[in-house]
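Given next are the chains, with one letter for each unit.
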Amino acid sequence: MTPITLNSTIIKSPDQISTDLGGEVVILDMQSEEYYSLDRVGVHIWEIIETPTTVREILAAISGAYDVEPARAESDLLAVLSEMAQEGLIQVE
Amino acid sequence: MKSTLTSMSTRQFLVNRLRAYLAAELTPPDTPLAEAVEWDSLIQLAAFHRVAPLLHKSLRETTPGNVPPSLEAYVRSASSRGLLLTGELLRLLKRWEGAGVQAIPFKGPALAASLYGDPALRHFDDLDVLVRAEDFAAAKEIVLALGYQPREQHSLHESFSLFRGDVEIVLELHWEFMPMPEVFPFDPQLAESWARCETVSLGGHKARAFAPEDQLLYLCAHGGRHLWMRLQWVCDVAQLLRTRPDLDWARLMAQAQASGGRRMLFLGLYVAHNLLGAPLPPNIAQSVRRDRHTAKLADQIKRQYFEAPLAIIKPWKETLFPLQLIDHPIDRLTYLPRLWQYNLTHRNHHSKTSEV
Numbered sequence: 001m002t003p004i005t006l007n008s009t010i011i012k013s014p015d016q017i018s019t020d021l022g023g024e025v026v027i028l029d030m031q032s033e034e035y036y037s038l039d040r041v042g043v044h045i046w047e048i049i050e051t052p053t054t055v056r057e058i059l060a061a062i063s064g065a066y067d068v069e070p071a072r073a074e075s076d077l078l079a080v081l082s083e084m085a086q087e088g089l090i091q092v093e
Numbered sequence: 001m002k003s004t005l006t007s008m009s010t011r012q013f014l015v016n017r018l019r020a021y022l023a024a025e026l027t028p029p030d031t032p033l034a035e036a037v038e039w040d041s042l043i044q045l046a047a048f049h050r051v052a053p054l055l056h057k058s059l060r061e062t063t064p065g066n067v068p069p070s071l072e073a074y075v076r077s078a079s080s081r082g083l084l085l086t087g088e089l090l091r092l093l094k095r096w097e098g099a100g101v102q103a104i105p106f107k108g109p110a111l112a113a114s115l116y117g118d119p120a121l122r123h124f125d126d127l128d129v130l131v132r133a134e135d136f137a138a139a140k141e142i143v144l145a146l147g148y149q150p151r152e153q154h155s156l157h158e159s160f161s162l163f164r165g166d167v168e169i170v171l172e173l174h175w176e177f178m179p180m181p182e183v184f185p186f187d188p189q190l191a192e193s194w195a196r197c198e199t200v201s202l203g204g205h206k207a208r209a210f211a212p213e214d215q216l217l218y219l220c221a222h223g224g225r226h227l228w229m230r231l232q233w234v235c236d237v238a239q240l241l242r243t244r245p246d247l248d249w250a251r252l253m254a255q256a257q258a259s260g261g262r263r264m265l266f267l268g269l270y271v272a273h274n275l276l277g278a279p280l281p282p283n284i285a286q287s288v289r290r291d292r293h294t295a296k297l298a299d300q301i302k303r304q305y306f307e308a309p310l311a312i313i314k315p316w317k318e319t320l321f322p323l324q325l326i327d328h329p330i331d332r333l334t335y336l337p338r339l340w341q342y343n344l345t346h347r348n349h350h351s352k353t354s355e356v
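These protein sequence lines map, in sequence, to chains A and B.
Read in order, the letters of the first sequence correspond to residues 1 to 93 in the working numbering.
Read in order, the letters of the second sequence correspond to residues 1 to 356 in the working numbering.
One chain only, chain A, in its complex shape (with noise of 0.2 Å):
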């Protein structure tokens, strides 16, 4: 898997398919038929990337909305994504 990095663009994986049930999204994997389901930072970052978006700019979406310190955002986002992108819901490039 590549790498996630402040430079990489996020993809939104086009195997998947979400709905939004009000402050929670819920994903659907179509290749696994699994569901996930994001919250509150998660649903951000899901909207954020519905066209493709560096992780600079998610991060500095994301770190103006919430009150945490910039080195804890970056670690936490990138933590997000990584998880995010093993599960096949996102592609990194």
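If you are wondering where the hints come from, they were derived from the structure by calculation, not from laboratory data.
Keep in mind that this is a model prediction, so the values were computed, not measured.
The reader is advised that the hints may include incorrect statements.
Across the chosen pairs, the derived CB separations fall in these ranges [to be verified]:
(1) R91(B) - T51(A): 51 to 59 Å
(2) R72(A) - P281(B): 57 to 65 Å
(3) E33(A) - N283(B): 45 to 53 Å
(4) P52(A) - E307(B): 49 to 57 Å
Here a beta-carbon is modelled for each residue, glycine too, at the ideal position from N, C-alpha and C.
Given chain A, put chain B in place with the hints provided.
The following block gives chain B in isolation, referenced to the frame of chain A:
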């Protein structure tokens, strides 16, 4: 069926809610929620009418702190199921496309996507797809190879039923649009529907969809056949009218006339306009309202949303009601004999479908 125990105020509340939501009004014109509503009754009623997702969305928007957990749970489960069905539909469409089989999904996720922009806003249980008659055999083979089982006993004159057991998905593969054309003289003129189909986005993926005129005619034909029993169908018509001001009314009227579906269309338009405030161009509204026959039928239909559904209290109504929807008097006279004849000759209908 507990519908007789649901109070009038609960029924009225649901209709008001739907009307307001579909008309995109900001505040629904009814009393504050907590005291006035019997939640369990309301949710059950909404579930029966398959409008729970719309109700839920409406409540979430107007009174976000006050959505009952049971409705939340119901809708969440329905949405998840909807996602699964949508995913499956996309998988099938992709396989068919790869084999050169063109398909138009209708009802279910496709209708949800084109009308509401979100598969989660419409309750659906199975998948319906139309393929060309000459492609049916190939389409069926592909589905069987994907692990579906045929359901001969559930197949009808115009469609073949298949079932995927591991996720419990029923697929109705159609090559025609309306059942029993010999009995109910509605000719949807499918060749033109194919020529006019458009594209819809299903969770970011492209799929074919019927042109809005064809969609509306189908919705009215389907709803009419089932006595407009479920409010979902009325909502669908209202939503289509609201979201498609580009509808070609001249073509629609001509098509309704030519296909024998004018009464069915008028009835659907009347109920959606009258009950849910769906917009109609002034000349169309006038024609529809002036049709005495339509007004009379619509009255019966509307009453069932506040009393018990027609089909449940009087099963024979479902046979006779379509009679009133037939455009031409001669066809109405011969409807019952043709229906009985049809039932006699089509006892072994599955042997006919396997010839296709």
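Status of the hints after comparison with the structure:
no., hint, result
1, R91(B) - T51(A): 51 to 59 Å, "violated (25 Å)"
2, R72(A) - P281(B): 57 to 65 Å, "holds (58 Å)"
3, E33(A) - N283(B): 45 to 53 Å, "holds (50 Å)"
4, P52(A) - E307(B): 49 to 57 Å, "holds (54 Å)"
The structure does not agree with numbered hint 1 stated previously, though it agrees with all others.
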